[in-house]
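Student: One letter stands for each residue in the lines below.
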Amino acid sequence: MKIGVFVCHCGTNISHTVDVEEVAKAAAKLPNVHFATTYKYMCSSPGQALIADSIKEKGLDRIVVSACSPSLHEKTFRKCLEEAGINPYLVEMANIREHCSWVHSDRAQATKKAIELVKLSVAKVSRSKPLSKSFIPIEKRVLVIGGGISGIQAALDVSFAKFPVVMVEKEPSIGGKMAKFDKTFPTLDCAACILTPKMVGVAQNKYVTMHTFSEVVEVSGHVGDFTVKIKKKARSVDLKKCTGCGACYAKCPVKVTSEFDEGLGKRKAIYVPFPQAVPNVPVIDRNACLWFTKKTCGLCKKVCAIGAIDYDQEDEIIEEKFGAIIVATGFKQFDHSVYGEYGYGKFKDVVTGMHFERMANSSGPTGGKIVRPSDGKEALDVVFIQCVGSRDEQKGVPYCSRVCCMYTAKHATLLREHNKNAQAYVFYIDVRAAGKNYEEFVKKAQDEYGAVYLRGRVSRVFEKGGKLIVRGADTLSGSQIEIKADLVVLANGLIAQDDATTIAQMLHIQYDKNRLFTEAHPKLAPVETITSGIFLTGACQSPKDIPDTVATASAASVKALGLMVHDKLEKDPLVARTNNDLCSGCKACYLACPYSAIEMVEIEDRKLKRKRMVSRVIEGVCAGCGNCTAVCRMGAIDVEGFTNRQIMRQIEAL
Amino acid sequence: MSALGTDSMKDDKKMAADGGFEPNIVGFLCNWCSYAGADLAGTSRMQYPPNVKIIRVPCSGRVNPLFILKCLMDGADGVLISGCHIGDCHYSEGNYYARRRFAVLKNFLEYIGIDPRRFQMSWVSAAEGDKWAKVVKEVVEDIRNAGPNTISAEKK
Amino acid sequence: MIEEIRQKAKELLAASKVDMVIGYRRSGDGVSTVPAFIDSAQDVDSLVWDQNCVYNLANYLREFPGKKIGVVAKGCDARAIVVLLQENQLERENLFIIGVECGVTDISEKCAACPRTVSAICDILIKEKGRKSGAPGNEKDAYAAVEALEARRAEERLGLWREEFSRCIRCYACRQVCPMCYCPKCVADQTMPAWFSKATSLEGNFAWNVTRAFHLAGRCVDCGECERACPVGIPLRDLNKKLEKEAKELYKYEAGSSVEAKPLFASYDKDDPKDFIK
Numbered sequence: 029m030k031i032g033v034f035v036c037h038c039g040t041n042i043s044h045t046v047d048v049e050e051v052a053k054a055a056a057k058l059p060n061v062h063f064a065t066t067y068k069y070m071c072s073s074p075g076q077a078l079i080a081d082s083i084k085e086k087g088l089d090r091i092v093v094s095a096c097s098p099s100l101h102e103k104t105f106r107k108c109l110e111e112a113g114i115n116p117y118l119v120e121m122a123n124i125r126e127h128c129s130w131v132h133s134d135r136a137q138a139t140k141k142a143i144e145l146v147k148l149s150v151a152k153v154s155r156s157k158p159l160s161k162s163f164i165p166i167e168k169r170v171l172v173i174g175g176g177i178s179g180i181q182a183a184l185d186v187s188f189a190k191f192p193v194v195m196v197e198k199e200p201s202i203g204g205k206m207a208k209f210d211k212t213f214p215t216l217d218c219a220a221c222i223l224t225p226k227m228v229g230v231a232q233n234k235y236v237t238m239h240t241f242s243e244v245v246e247v248s249g250h251v252g253d254f255t256v257k258i259k260k261k262a263r264s265v266d267l268k269k270c271t272g273c274g275a276c277y278a279k280c281p282v283k284v285t286s287e288f289d290e291g292l293g294k295r296k297a298i299y300v301p302f303p304q305a306v307p308n309v310p311v312i313d314r315n316a317c318l319w320f321t322k323k324t325c326g327l328c329k330k331v332c333a334i335g336a337i338d339y340d341q342e343d344e345i346i347e348e349k350f351g352a353i354i355v356a357t358g359f360k361q362f363d364h365s366v367y368g369e370y371g372y373g374k375f376k377d378v379v380t381g382m383h384f385e386r387m388a389n390s391s392g393p394t395g396g397k398i399v400r401p402s403d404g405k406e407a408l409d410v411v412f413i414q415c416v417g418s419r420d421e422q423k424g425v426p427y428c429s430r431v432c433c434m435y436t437a438k439h440a441t442l443l444r445e446h447n448k449n450a451q452a453y454v455f456y457i458d459v460r461a462a463g464k465n466y467e468e469f470v471k472k473a474q475d476e477y478g479a480v481y482l483r484g485r486v487s488r489v490f491e492k493g494g495k496l497i498v499r500g501a502d503t504l505s506g507s508q509i510e511i512k513a514d515l516v517v518l519a520n521g522l523i524a525q526d527d528a529t530t531i532a533q534m535l536h537i538q539y540d541k542n543r544l545f546t547e548a549h550p551k552l553a554p555v556e557t558i559t560s561g562i563f564l565t566g567a568c569q570s571p572k573d574i575p576d577t578v579a580t581a582s583a584a585s586v587k588a589l590g591l592m593v594h595d596k597l598e599k600d601p602l603v604a605r606t607n608n609d610l611c612s613g614c615k616a617c618y619l620a621c622p623y624s625a626i627e628m629v630e631i632e633d634r635k636l637k638r639k640r641m642v643s644r645v646i647e648g649v650c651a652g653c654g655n656c657t658a659v660c661r662m663g664a665i666d667v668e669g670f671t672n673r674q675i676m677r678q679i680e681a682l
Numbered sequence: 144m145s146a147l148g149t150d151s152m153k154d155d156k157k158m159a160a161d162g163g164f165e166p167n168i169v170g171f172l173c174n175w176c177s178y179a180g181a182d183l184a185g186t187s188r189m190q191y192p193p194n195v196k197i198i199r200v201p202c203s204g205r206v207n208p209l210f211i212l213k214c215l216m217d218g219a220d221g222v223l224i225s226g227c228h229i230g231d232c233h234y235s236e237g238n239y240y241a242r243r244r245f246a247v248l249k250n251f252l253e254y255i256g257i258d259p260r261r262f263q264m265s266w267v268s269a270a271e272g273d274k275w276a277k278v279v280k281e282v283v284e285d286i287r288n289a290g291p292n293t294i295s296a297e298k299k
Numbered sequence: 170m171i172e173e174i175r176q177k178a179k180e181l182l183a184a185s186k187v188d189m190v191i192g193y194r195r196s197g198d199g200v201s202t203v204p205a206f207i208d209s210a211q212d213v214d215s216l217v218w219d220q221n222c223v224y225n226l227a228n229y230l231r232e233f234p235g236k237k238i239g240v241v242a243k244g245c246d247a248r249a250i251v252v253l254l255q256e257n258q259l260e261r262e263n264l265f266i267i268g269v270e271c272g273v274t275d276i277s278e279k280c281a282a283c284p285r286t287v288s289a290i291c292d293i294l295i296k297e298k299g300r301k302s303g304a305p306g307n308e309k310d311a312y313a314a315v316e317a318l319e320a321r322r323a324e325e326r327l328g329l330w331r332e333e334f335s336r337c338i339r340c341y342a343c344r345q346v347c348p349m350c351y352c353p354k355c356v357a358d359q360t361m362p363a364w365f366s367k368a369t370s371l372e373g374n375f376a377w378n379v380t381r382a383f384h385l386a387g388r389c390v391d392c393g394e395c396e397r398a399c400p401v402g403i404p405l406r407d408l409n410k411k412l413e414k415e416a417k418e419l420y421k422y423e424a425g426s427s428v429e430a431k432p433l434f435a436s437y438d439k440d441d442p443k444d445f446i447k
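Chains A, B and C, in that order, are what the protein sequence lines are.
Quick note on numbering: my numbering labels position 273 of the first sequence as 301, and the sequence is numbered without any gaps.
Quick note on numbering: my numbering labels position 70 of the second sequence as 213, and the sequence is numbered without any gaps.
Quick note on numbering: my numbering labels position 122 of the third sequence as 291, and the sequence is numbered without any gaps.
The set of hints was computed from the structure by calculation and includes no laboratory data.
Remember, it's a predicted structure, so these values are computed and weren't measured experimentally.
Glycine included, C-beta positions come from ideal geometry on N, C-alpha and C.
Listed below are the simulated SDA-like cross-link pairs for lysine to any residue, each with C-alpha atoms no more than 20 Å apart in a straight line:
1) A:Lys639 with C:Glu260
2) A:Lys615 with C:Arg231
3) B:Lys280 with B:Asp258
4) A:Lys639 with C:Glu232
5) C:Lys354 with A:Asn608
6) B:Lys280 with A:Asp134
7) A:Lys615 with C:Leu254
8) A:Lys599 with A:Glu110
Some chain A residues well away from chain B (every beta-carbon gap over 10 Å; in silico):
9) Ile114
10) Ile164
11) Asp363
12) Ser391
Using the sequences provided together with the hints, build the complete structure.
Tutor: And the structure:
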């Protein structure tokens, strides 16, 4: 065995605190180490060439690179070894940067620790075995979870490459939040005008299968081969038979508040959420419907000429296989009830931005009039309050929601467009208008649409003489001001969906402290997750406006398509394996495997001359977590890359 | 004289230049959360004591109880296992198994008379560089107070 | 009682319902008993039953794969059979379990705290005549010794166990008599890796005894055979009972109570105790 140790200076990142020459000198004295040297940047081309040349010249057969975190460059050096002609799994990294030079300042102590870390890696690599990659076949279908603009774009992009897509949307119609918007910034196109064609494009696409009013309930497997259970909730209307004529909801006698209109309007118990819904098939709200609550009525069934109403429909669970999953589950509006001072809930005329969108919409509950919900009169003086929930570590979330400054500028513009005499006042902290034509758009709202921007927080909203008095600080003039308003609009931030954690846990992806899904790398892998084969798009990862959402949707699609074009995928060989001689067949590993990647099989024991049961790892399913090896009392099952021998040797080295 | 078999953990090496006791601690860190959290502590340049030597494992569930025993028998002054928070495990369940396994081991070691400070566990996420630094500081301090490991040292 | 056992054994063998009955017979000293492996109905009269029937007969069941075995099982033996079935080591259809209620006289010290109930898994339960239900048994706190030790200072405990373990001669008698020690190759004998020292050093002995106890966590049924077999008198039951207590207190888990239960460490609950974690 000839181990080579390569100690990196990392410019001065390491050498500033760690005496790298000293580390190399100490490494050279370790058992089986044949050669040790240092270099300024080991990951650079000349650095890698140094390793490759040393392998050839000195006949090295195992390598330790003492540099940064393996999460950054383990792959780099594996490739380097492979190109130099030795097995790529015979390299170990000693992390003397993140775990040493950057966290310690005493040079002697840091150098001593760096030597210990190198010792650990030398110990481990001395017990490493050459491993060969395996291949897993790829199921050429993509699952898109969520049917908002994000999921729609992703589905369209994947289908354009002629790969089958299944879209799962929990609401009765696709379209998501964007379908509720009136206009979109900074161009003021009508949201429906640009969204509806895409929705129809999904519905008519032969590569896309839509499951609306459905939820993903279980995900197992791994990249290339996910098995997904989808719950199709009982719609009570036959999707295939219904023509969308609308006779049923025209006759339905039950009226309840419309979720789509944010409670400002009414809908029936059997309903389509909005006129452009896709599919244009109603759903029965079983909590409101008289048939389901009292076993009376049944009008819809009577009027449906083609017999599409089906009261006996039940939830159905279907199971499908996918090679990749795109997560497009979107966001939820921040719940502003924590801001008692803004009077929401107390005063009817304090509303959210989403209410404003519905009012501004000509097919909305007010027919396109901006009114006071309290008395239906047109609102003239409207105060907009920014950063509701955003940038507030005490009551809300610490981050900026990115879209509120822009949608408020849009609302201020729309207000004046709807009524020449209306006046918008905007209380803001900072105006964040970074985006193509964004700053110009805000400026236009101020200059051409007369929106008055006041820099400061609102301290209180109260009622006086039929008007809302908004009291706040104008920090630029240093004065307290009070504005008499007809309507107060809160710019609620964007937060994670209620079930974000459940979804993340089901998909084995990570989420941050705000429950937003975590990308594999904030800069270099923004739409990937740490679980390969699962990609993120839209606001489930962080607040995004429509252009950014669409861009990430296309990005995620390309990542998914990148898998689809392959017939098989190279699989890391770092999986578990059973040693039949040691296995007693006790099933502990089989029961404790989080992936059900272990099966119990009968083998012929030649020594005992009889059959007996042992465990066997299904390689394609094994994720290499190693839980099996820790529950195995007999040390019969071991995980490559982190074997018992390797770890025991490491412990001995310390 | 120590009966610890291996060479590098002998008592004389535990003493720093100033004669104070510098504990030797083995850390088993899961690759996805705690190891990444320790990386983040590095990129954020947080300072903490150098006593914990990290062995990277795929998951806290990978840690065999015999590893802990081996560390303590070989003379390590302390062992720290760190993994993802419950619910965040990259393998979804590994840390649940680890939690049960090591709850029992910890109580058992204590029953045998091994100072509970010598075997500790933490959940540190990839976002908690600060928590990692804090955990290391606390554990090092705990074990410094517990003193050198003499569990299996023969009587003088 | 013994007549009933013999009768049942005879019946099973005569009808070829089993190939062999494992029970107890008198040993050469005329007092103690040893396991009896009876494969003919004519030999059933050599079976005995009294307070000297200490062996855990579950330990022999794995040695006759594919054969149908009738086995005399005390409460602790039956619990051991449950664990072996749970761990896929025996086939239920190949077993005929003759459950026997233990006598008034204690077989050994462990019996004083034994619940004396014999697992419902038995195919037949032979009761002791004249025994009042419930008694005797359980008159002693099962964990008195463990609790006494817990109450002592940590250094004292360490000193005590160091003292005990230092006497270990690594004869592995404990392993030999234990029905749960069925690993094809014990970690103590493995070399790749060598999990701990094979020498009778304090370090090696410490590791061995702790490992064995831990490997029995959630599995030991407290038959007490290890302690009885130990030639140097290490109080091994005090180790096993501690783990039994932990499993019961932390996870409401009792070894040998159910064949279907997932083993202690091959399962978890989302609400498992977590306070020990930083």
